[in-house]
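Residue numbers (our numbering), protein chains in the order written: chain G, 535 to 769; chain E, 566 to 905; chain R, 82 to 373.
Treat the hints loosely; a few may be bogus.
[Unchecked claim] Covered stretches of chain R, going by a simulated chain G footprint (3 or more residues, C-beta under 8 angstroms): (1) 241-251; (2) 258-265.
[Stated by the list, open to error] Cut-off 20 angstroms, straight-line C-alpha distance, at most; resulting in silico cross-link-like pairs (SDA-like, lysine to any residue): (3) E:Lys691 / R:Gly301; (4) G:Lys639 / R:Leu141; (5) G:Lys639 / R:Pro244; (6) R:Lys345 / E:Pro688; (7) G:Lys641 / R:Pro244; (8) E:Lys691 / R:Trp194; (9) G:Lys717 / G:Tyr652; (10) G:Lys587 / R:Ile195; (11) G:Lys719 / G:Arg602; (12) G:Lys641 / R:Phe239; (13) G:Lys587 / R:Asn297; (14) G:Lys641 / R:Gly193; (15) R:Lys345 / E:His693; (16) R:Lys345 / E:Lys849; (17) E:Lys849 / R:Gly336; (18) R:Lys210 / E:Thr808; (19) G:Lys641 / R:Ile195; (20) G:Lys641 / R:Arg265; (21) E:Lys849 / R:Gly193; (22) E:Lys691 / R:Arg241; (23) E:Lys697 / E:Gly642; (24) R:Lys345 / E:Gly642; (25) E:Lys849 / R:Ile195; (26) E:Lys691 / R:Ile340; (27) G:Lys641 / G:Ala623; (28) R:Lys210 / E:Lys697; (29) E:Lys691 / R:Val339; (30) R:Lys345 / E:Asp692; (31) E:Lys849 / R:Thr197; (32) G:Lys587 / G:Glu561; (33) E:Lys691 / R:Ser300; (34) G:Lys641 / R:Arg241; (35) G:Lys639 / R:Arg265; (36) G:Lys639 / R:Trp268; (37) G:Lys639 / R:Leu245; (38) G:Lys587 / R:Ala257; (39) R:Lys345 / E:Leu695; (40) G:Lys587 / R:Arg265.
Keep in mind the hints are simulated off the structure, nothing from the lab. Glycine residues also receive a C-beta, built at the ideal position from the N, C-alpha and C atoms.
Letter by letter, the chains look like this.
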Amino acid sequence: MLLDVKGLRASYGQTPVLHGLDFAMDEGSITTLLGANGAGKTTTLRALCGMVKTSGEVSFAGQRIERRATEDIVRLGVAHVPDGRGTFAHLSSEENLKLGAYVRKDKGAVEADLERMYGYFPRLKERRQQQAGTLSGGEQQMLAVSRALMLRPRLLLLDEPSFGLAPLIVQELFAILEAVNEKEKVSILLVEQNAAMALELADHAYLIETGRVVLSGPADEMKRDDSVRRAYLGY
Amino acid sequence: MTKRAFIACAALLAMALALPFVLTSYSTFQMTLVLVYAIALLGLNILTGYNGQISLGHGAFYAIGAYCAAILMSHAGWPYWATLPVAGAVCLAAGFLFGLPALRLEGLYLALATFALAVSTPPLLKDHSLEKWTGGVQGIVIIKPDPPEFLAGLGVHLNQDQWLYFFVLAVAMLMFFIGWNLLRGRVGRALIAIRDNHTASEVMGINTALYKSLAFGVSAMFTGIAGALGAIAVQFVAPDSFTVFLSISFLVGIVIGGLASLSGALYGALFIEFVPNIADEISKAAPWAIFGVFLIGFVYLMPSGVAGALRRVLGRLDRGKLSKSKTGAAGPAQPKEATS
Amino acid sequence: MTFQALMLQVVAGLASGGIYASLALALVMIYQATHLVNFAQGELAMFATYIAWSLMNAGLGYWPAFFLTVAIAFVLGILIERIVIRPVENAPVLAVVVVFIGLLVILNSLAGWIFTYTIKSFPSPFPEKLPFGIHIISPHQLGAIGVTIVVLLLLYGFFRFTPLGLAMRAAAQNPASSRLVGIRVGWMLALGWGLAAAVGAVAGMMVAPIVYLDPNMMSGTLLYAFAAALLGGIDSPGGAVVGGLILGVLENVLGAFVIGNELKLAVALVVIVAVLLVRPSGLFGRVHVSRV
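Excised from the complex, chain G in its bound form:
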């Protein structure tokens, strides 16, 4: 069990958003959190990273992390690609990538990893010196994912990576995520509104509504579940 979440509660100020979430992930799996806008998916990812006030139990690789600071959780091997991508707009693409490897001790391998990212995303190589804020939406998303991968994370958190991207680009991106998961054993927790594509990619799925898990199971089963189909897959 790589990630084990029990009774997760979180609030923004006085407003509670998560009302006791339970879910878990095995190492090497791709899990997706589905749900409508405002269900609490983004908040869940933020809570895992220590970005909002939480209570409950969160265990990562056997360690309790719910009280730790974001910077410390990153050092345990958790990389978060936030919604809105969080790129450093005024720095170059390459500087963004180098920052992804900030906490790594094996400085020598960082150069090799940089080339590997350019291998996955050749367009980024062309734009390596360009200011990140001037990249297109799709390129910024690739940059954000690459930056996260530069950490050599054990767990990759992705918040709505398909948002605002053309379907072809999303396919490209998801293909790379699948490759990264298989070849480099990076576990992926994916938050998505695009349920169809997410269920294609993932092994497991959890359906969240108003801060609670209402349905869960292997992705194949969820795809065939009637209520999921009608509400989230549109048929």
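Assemble the complex: chain G is given as a structure, and chains E and R must be docked to it using the hints.
Chains E and R in isolation, oriented as in the chain G frame:
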């Protein structure tokens, strides 16, 4: 005004009226200055506390008011009380004129621009071309006003310090009344709205440019009148009395006293008049260091000023009382801005 | 006004401009990291200069004292950020301004108390005369320009080419994303203060031989540094340098030929007001578009 606030004001007034008969001349003079600073701080609070425009330059308006009084009294022989409306009018215009270009500046930039205004005031006052009016580096000496004759006729014998105190007290009461009226009505709400969300205010139809410039003008007017009173009390104006430290003291006063609060002006005035003296007594060698420690301490402990801290304490007492007398009753709603 | 006289003033202006540029750079660094203007920057520099003076009085040579002072100033800057500024990190802007004022006043007063208010002279490390009988510039002015250039190059190299410099830039621009890559934003802030204090110390030690050491020596220089930072663009380090040089030259040329020495300070003020009215983002700063 709530009943409790009314009682508090009445008690305060009674104390204020009794003071000059209880204190020495010098202490009376100090309290006169407290009242003067309170008016100045009220002015600054209108602009910075209620309207959110940071001014590090109100010392300049204080100086303009002071010099207006001094020049009219020494060069034109005007009686001291007649200089007040002139000081007010001149500063109203000056503040409004400064407020117009200031419309383009926000936060830090406005603070810097007003800082520049404050720093340039002493050199301008010392400048040779204005020496005929300002008296240059030496400044102007003012004759201390005497109590009016009719009082002697009534059998009331006051010395000059006592009379000055009552005169300033009367003006202060008038100014606070004007301020209170202004701030609790539409104007006050508009100013606060502009402070809290400029764009939304515009969209709602508030003429933000007009209100902001007027806020500058009115704020300068208050501080200018305070300056005139201050000059009369101190009997002396000179360029080095109006350095940037004066502007800084004013800012310190409203932050310590409490932003967006009328009573805050009074607490702030007490702070800037007396704490430097206290600091001096604690350490002859480095009084300003102690003052700095006081400043930082106040900000850590009471970031919303003395007024804010008092409001919180009173609010807790209220809630305590109500929950004792009635079960399930909620505490009184805490107003976002108190007008007391 | 002969050409020779003009050049003399221009060169002198470049020398003092370099000093303003250093201090302006310190201001810009803190502004970039915190969006706050450190009103106490001048007093920190002054205090550091006094420390250098004390070290030299205790027998240390100039350059050992110089470098030790820079190191001490660095640590002092970090301590001040962690101890004094951190508690008010999220307080309203005005409260933070008051804290800065408190700091300014404490430093000024402590310096007066510990070191007294008598004016002291501060040595210049540069030789008495320049070779070849060059008269257009004094050795100290030339040296000051040289030191400024070295400091600026070091800073530029640090921010541009080192991982830590990159992390500091990132933390200033986007604290939230910086946390997500593991940067300890709080410590980056402290580091920024440390660097700014160190740079300020260098500026103070370059200014002191000219204006003599006393607790109020930095107030004029600080105002010029403000003007320089604004002119160049409060968020542009390069702009701060250019602004400093322009201001130094303007001050000297105008002071010598147009307005006389007493009103020299007015030059800084006019520049501040003009910049704020005409182009608040300065020559090289980013124009801020605020989205509704």
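message = Hint compliance check: list the failing hint numbers for this structure, sorted ascending.
response = Checked against the structure, the hints that fail are numbers 4, 8, 10, 11, 13, 14, 16, 17, 18, 19, 22, 24, 27, 28, 32, while the rest are satisfied.
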